[in-house]
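Visitor: Next come the chains, spelled out residue by residue.
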Amino acid sequence: MSRRTPLGRALGLGSAKEGVQHWWSQRTSAVALIPLGLWFAVSLVLLATDGGLDHAAVTAWIASPVHAVLLLLLVATACHHSRLGVQVVVEDYVHLEWAKVASLLLSTFVHFLLAAAGLYAILRIAFAGAGA
Amino acid sequence: MANHTRPLSPHLQVYRWQLTMVLSITHRATGLVLSAALVPLVGWLLAAATGPEAFATANAILASVPGQLMLAAVSFAFYYHLCNGIRHLVWDAGWWLDIPEVYASGWSVVAAAIVLTVLTWAAIWGLLGGAS
Chain A
1 MSRRTPLGRA LGLGSAKEGV QHWWSQRTSA VALIPLGLWF AVSLVLLATD GGLDHAAVTA
61 WIASPVHAVL LLLLVATACH HSRLGVQVVV EDYVHLEWAK VASLLLSTFV HFLLAAAGLY
121 AILRIAFAGA GA
Chain B
1 MANHTRPLSP HLQVYRWQLT MVLSITHRAT GLVLSAALVP LVGWLLAAAT GPEAFATANA
61 ILASVPGQLM LAAVSFAFYY HLCNGIRHLV WDAGWWLDIP EVYASGWSVV AAAIVLTVLT
121 WAAIWGLLGG AS
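Protein chains in written order, with our numbering: chain A, 1 to 132; chain B, 1 to 132.
These are calculated hints, taken from the structure and not from any lab test. What you are looking at is a predicted structure, and each value in this text was computed from that prediction instead of being measured. Some hints here could point you the wrong way.
Listing some non-contacts, in silico: residues in chain A with all C-beta distances to chain B over 10 Å [stated by the list, open to error]:
| id | residue |
| --- | --- |
| 1 | T5 |
| 2 | G12 |
| 3 | L13 |
| 4 | R27 |
Here chain B is said to cover these stretches of chain A; the calculated rule only asks that three of the stretch's residues, wherever they fall, bring their Cβ under 8 Å from a Cβ of chain B [to be verified]:
| id | region |
| --- | --- |
| 5 | 57 to 68 |
| 6 | 94 to 103 |
| 7 | 117 to 125 |
In silico contact screen, one side only, chain A against chain B (beta carbon under 8 Å); selected entries [to be verified]:
| id | residue |
| --- | --- |
| 8 | V31 |
| 9 | A32 |
| 10 | I34 |
| 11 | P35 |
| 12 | V45 |
| 13 | T49 |
| 14 | L114 |
Glycine residues also receive a C-beta, built at the ideal position from the N, C-alpha and C atoms.
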């Protein structure tokens with residue numbers, strides 16, 4: 001016989017107050033990163049073998065609408081997935097409460113910074129032809 | 001605080017090393033490598049957005065010996081984490097959970113990660129002769 005309240009059982013959030021949200025978010029981003037990651041790896045190899053990675057070839061490749069959108073998705077999803085993974089590692093190994101909270105804050109800020117910088121770079125290259 | 005007079009579960013170092021535990025910790029380690037690799041990825045995109053000189057500098061760093069070693073490590077980490085991540089998703093679906101399947105899929109992940117890494121670098125160095 002469970003001693004949990006009916007409300008607690010209905011909400012299903014457990015002692016961590018976030019339920020299975022982290023688990024699902026990690027799996028969803030993992031599934032998305034399979035095609036995105038393979039696409040990016042193949043693209044990098046093709047870029048490196050075709051154009052020798054010169055600036056004009058790479059920016060033209062990024063500026064193509066399909067590539068720009070996929071690259072935005074890749075950077076955003078990779079940063080999200082990375083943040084979720086680093087969070088689990090920190091929670092597993094950092095036991096001092098203040099150090100754990102500080103590590104999680106730092107990881108969150110760095111991941112948002114990387115995402116913002118990466119998305120800005122892609123958008124700037126993508127819009128450079130239209131604006132300036 | 002923990003009461004250290006109680007019996008503790010055996011420490012990691014008294015276990016005989018097994019494939020499953022090596023692959024498990026390698027998944028976490030390669031995940032952290034890929035998290036760290038977000039920094040050079042975003043830096044490379046920012047350099048491309050900045051201009052030809054900055055992009056040439058970024059590519060020169062990546063083409064140096066430490067840069068190439070870093071890229072080799074990141075490429076293996078990417079393929080390992082990708083393949084073993086798929087193995088984890090299959091487990092999440094409830095399949096391949098018997099010990100023989102765990103070992104067969106584990107060795108397959110190791111083989112696939114090595115083969116994909118070698119193929120990638122063979123393609124970049126023009127050893128496959130296909131793209132010309």
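Visitor: State for each hint whether it applies.
Guide: Evaluated hints:
1. At roughly 29 Å from the closest C-beta of chain B, the C-beta of T5(A) stays outside 10 Å, upholding its exclusion from the interface.
2. Non-interface status of G12(A) relative to chain B is upheld: no Cβ of that chain comes within 10 Å, the nearest being about 18 Å off.
3. With a closest Cβ-Cβ approach of about 21 Å to chain B, L13(A) is found to remain outside the 10 Å limit, as its non-interface label requires.
4. Distance check on R27(A): its Cβ comes as close as 6 Å (rounded) to a Cβ of chain B, failing to clear the 10 Å threshold; non-interface status is violated.
5. With 3 residues having a Cβ less than 8 Å from any Cβ of chain B, the region 57 to 68 of chain A passes the three-residue criterion, so the hint holds.
6. Here the region 94 to 103 of chain A counts 0 residues with a CB under 8 Å from a CB of chain B, which misses the bar of 3, and the coverage is violated.
7. Taking a C-beta to C-beta cut-off of 8 Å, the region 117 to 125 of chain A contributes 7 residues in contact with chain B, enough for the three needed, and the coverage statement holds.
8. Because the closest C-beta pair between V31(A) and chain B is about 7 Å apart, less than 8 Å, the hint holds.
9. The interface hint given for A32(A) is broken, as the beta carbon of that residue sits about 11 Å from the closest beta carbon of chain B, more than 8 Å.
10. Because the closest C-beta pair between I34(A) and chain B is about 7 Å apart, less than 8 Å, the hint holds.
11. The beta carbon of P35(A) is not positioned within 8 Å of any beta carbon in chain B (closest approach about 11 Å), and the interface hint is therefore violated.
12. Because the smallest distance between the Cβ of V45(A) and any Cβ of chain B comes to about 5 Å, under 8 Å, the interface hint for this residue holds.
13. Interface hint status for T49(A): upheld, as the beta-carbon distance to the closest one in chain B is roughly 5 Å, under 8 Å.
14. Among the interface hints, the one on L114(A) holds; its C-beta lies about 5 Å from the nearest C-beta in chain B, closer than the 8 Å criterion.
In summary, the numbered hints that this structure violates are 4, 6, 9, 11.
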